[in-house]
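Build the full structure now, drawing on both the sequences and the hints.
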Amino acid sequence: MPKKNQNAIKKERTNNLFRKYQKSHSLEIRDRLVEEYMYLVEFLAKRFKSRGEPLEDLIQVGTIGLIKAVDRFDLGRQVEFTTYATPTIVGTLKRHFRDQKWAIRVPRRLQELNQQINEILGNLTQKLRRSPTISEIAKQLKVSDEEVIEAMETSKAYSLISLDSERSSENDEEFSLMDFIGEEDKHLISFYERSSMVNAISILGPTEKKLLFFRFIKGLTQTEIAQKLNISQMHVSRLLRRTLDILRQRMLAEEAADREVE
Amino acid sequence: MDKTTSDSISLSVPLNENYASVLRLAVASVAARMNFTWDKIEDLKMAIAEAFLLSFRSDDNSEFNLDFNLFSDRLEILVKKSNVEAVQDSMEKKYSVFILTGLMDKVDIKPKGNNKYDIKLVKNLW
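So the sequences go chain by chain: A and B. Each residue of the first sequence is one higher than the one before, starting from 1 at the first, in our numbering. Each residue of the second sequence is one higher than the one before, starting from 1001 at the first, in our numbering.
Just to be clear, a hint being listed does not mean it is correct.
With a straight-line Cα cutoff of 30 Å, these simulated DSS-like cross-link-like pairs (lysine-lysine) come out [said to hold, decoys possible]:
{"hint": "1", "chain 1": "A", "residue 1": "K49", "chain 2": "A", "residue 2": "K94"}
{"hint": "2", "chain 1": "A", "residue 1": "K94", "chain 2": "A", "residue 2": "K142"}
{"hint": "3", "chain 1": "B", "residue 1": "K1112", "chain 2": "B", "residue 2": "K1081"}
{"hint": "4", "chain 1": "A", "residue 1": "K46", "chain 2": "A", "residue 2": "K11"}
{"hint": "5", "chain 1": "A", "residue 1": "K228", "chain 2": "B", "residue 2": "K1110"}
{"hint": "6", "chain 1": "B", "residue 1": "K1120", "chain 2": "A", "residue 2": "K218"}
{"hint": "7", "chain 1": "A", "residue 1": "K210", "chain 2": "A", "residue 2": "K228"}
{"hint": "8", "chain 1": "A", "residue 1": "K142", "chain 2": "A", "residue 2": "K11"}
{"hint": "9", "chain 1": "B", "residue 1": "K1120", "chain 2": "B", "residue 2": "K1106"}
{"hint": "10", "chain 1": "A", "residue 1": "K127", "chain 2": "A", "residue 2": "K142"}
{"hint": "11", "chain 1": "A", "residue 1": "K20", "chain 2": "A", "residue 2": "K68"}
{"hint": "12", "chain 1": "B", "residue 1": "K1106", "chain 2": "A", "residue 2": "K210"}
{"hint": "13", "chain 1": "A", "residue 1": "K23", "chain 2": "B", "residue 2": "K1110"}
{"hint": "14", "chain 1": "B", "residue 1": "K1106", "chain 2": "A", "residue 2": "K228"}
{"hint": "15", "chain 1": "B", "residue 1": "K1116", "chain 2": "B", "residue 2": "K1081"}
{"hint": "16", "chain 1": "A", "residue 1": "K210", "chain 2": "B", "residue 2": "K1120"}
{"hint": "17", "chain 1": "B", "residue 1": "K1120", "chain 2": "B", "residue 2": "K1080"}
{"hint": "18", "chain 1": "B", "residue 1": "K1106", "chain 2": "B", "residue 2": "K1116"}
Part of the chain B face toward chain A, derived, beta carbon under 7 Å [as the list claims (entries may be wrong)]:
{"hint": "19", "residue": "Y1019"}
{"hint": "20", "residue": "A1020"}
{"hint": "21", "residue": "R1024"}
{"hint": "22", "residue": "A1028"}
{"hint": "23", "residue": "S1029"}
{"hint": "24", "residue": "V1030"}
{"hint": "25", "residue": "A1032"}
{"hint": "26", "residue": "N1035"}
{"hint": "27", "residue": "T1037"}
{"hint": "28", "residue": "D1039"}
{"hint": "29", "residue": "E1042"}
Don't read these hints as lab results, they were simulated from the structure. In this text, a Cβ means the ideal position worked out from N, Cα and C, and glycines have one as well.
Here's what the structure looks like:
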């Protein structure tokens, strides 16, 4: 059979399937359509292979895009399904990378180690009644000290959950600047003399304000803060670092602006 | 290691933001060797990055020089002749000193003339 013919037959068959699906919304037909176009997902997923995610995961994500495309495809528009589905699938894959927790691609080995450390940090802290040393962690996980240090630094690559994301606005009781200023601490007063600093802090969400307060004014350790806020130590570290970054940048920007006025 | 004598490590890093992670890894590895706890290593990493990032805002394209002095009971980080505008009399002085004293057990800033400063950061082992 000539190839052209074969394609035409195939196209007619899928068009029939689409017509049936749009009338019946039968999941069985949808499955068949998805199967029919899986090759497209595989083809597109491969293009994202080099970004450090396993291909199987990408195919899974891409399949979701394909299902969406099948649901929304309109035969009346006279475009090929593949033409229609490609941007949807690519979009899903891109969004997957964007929403991924890891902002910078980190080797899987380190990601896993990072998670393992995250898990045992709490246990070890409880057992030892203090924060563990690097070699204690390494021994527990049967890896080298260097690997632990590397994984520790890796947590930075975790994506910057926006400071104003839900975490910040979570029905936390309002934690206002007054909570800071109310502290009668000499250090604090000198710190707050500068209105720009106060300005900078005012843009932070409640969780970040709490972090600053606990860490720098109350002098709690990261472990203690993690327990207080009921988040992981690594999360405290990440948020703290991010908070300092924001403050520093904000202040540099304000200083630059001041200079311009002068 | 005696309390009075110490091993020393000197580092010189270009004043370029990208090297902040090199310093973070370096201090982590030195501190891990000394058996610092996870929490304290996090503090050290944050402090060194803070000192570093606050240093390269001037036009001076010099390098960031620092020594790690390892004692049996503490780690001292000496940032040498930094031209940190941050330690001059600006609002950032307050900010950076605030952050650094919050993270370290002791912060000592000595003027070295010519708008240069030595910054000593001390973290006790226990």
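Quick rundown of the hints versus the structure:
no.: 1; hint: K49/A - K94/A; result: 12 Å, holds
no.: 2; hint: K94/A - K142/A; result: 36 Å, violated
no.: 3; hint: K1112/B - K1081/B; result: 7 Å, holds
no.: 4; hint: K46/A - K11/A; result: 25 Å, holds
no.: 5; hint: K228/A - K1110/B; result: 37 Å, violated
no.: 6; hint: K1120/B - K218/A; result: 23 Å, holds
no.: 7; hint: K210/A - K228/A; result: 10 Å, holds
no.: 8; hint: K142/A - K11/A; result: 56 Å, violated
no.: 9; hint: K1120/B - K1106/B; result: 8 Å, holds
no.: 10; hint: K127/A - K142/A; result: 18 Å, holds
no.: 11; hint: K20/A - K68/A; result: 17 Å, holds
no.: 12; hint: K1106/B - K210/A; result: 23 Å, holds
no.: 13; hint: K23/A - K1110/B; result: 80 Å, violated
no.: 14; hint: K1106/B - K228/A; result: 26 Å, holds
no.: 15; hint: K1116/B - K1081/B; result: 5 Å, holds
no.: 16; hint: K210/A - K1120/B; result: 28 Å, holds
no.: 17; hint: K1120/B - K1080/B; result: 9 Å, holds
no.: 18; hint: K1106/B - K1116/B; result: 20 Å, holds
no.: 19; hint: Y1019; result: 13 Å, violated
no.: 20; hint: A1020; result: 10 Å, violated
no.: 21; hint: R1024; result: 6 Å, holds
no.: 22; hint: A1028; result: 5 Å, holds
no.: 23; hint: S1029; result: 6 Å, holds
no.: 24; hint: V1030; result: 10 Å, violated
no.: 25; hint: A1032; result: 4 Å, holds
no.: 26; hint: N1035; result: 5 Å, holds
no.: 27; hint: T1037; result: 4 Å, holds
no.: 28; hint: D1039; result: 4 Å, holds
no.: 29; hint: E1042; result: 5 Å, holds
Figure legend: structure checked against the earlier numbered hints; hints not met, in rising order: 2, 5, 8, 13, 19, 20 and 24.
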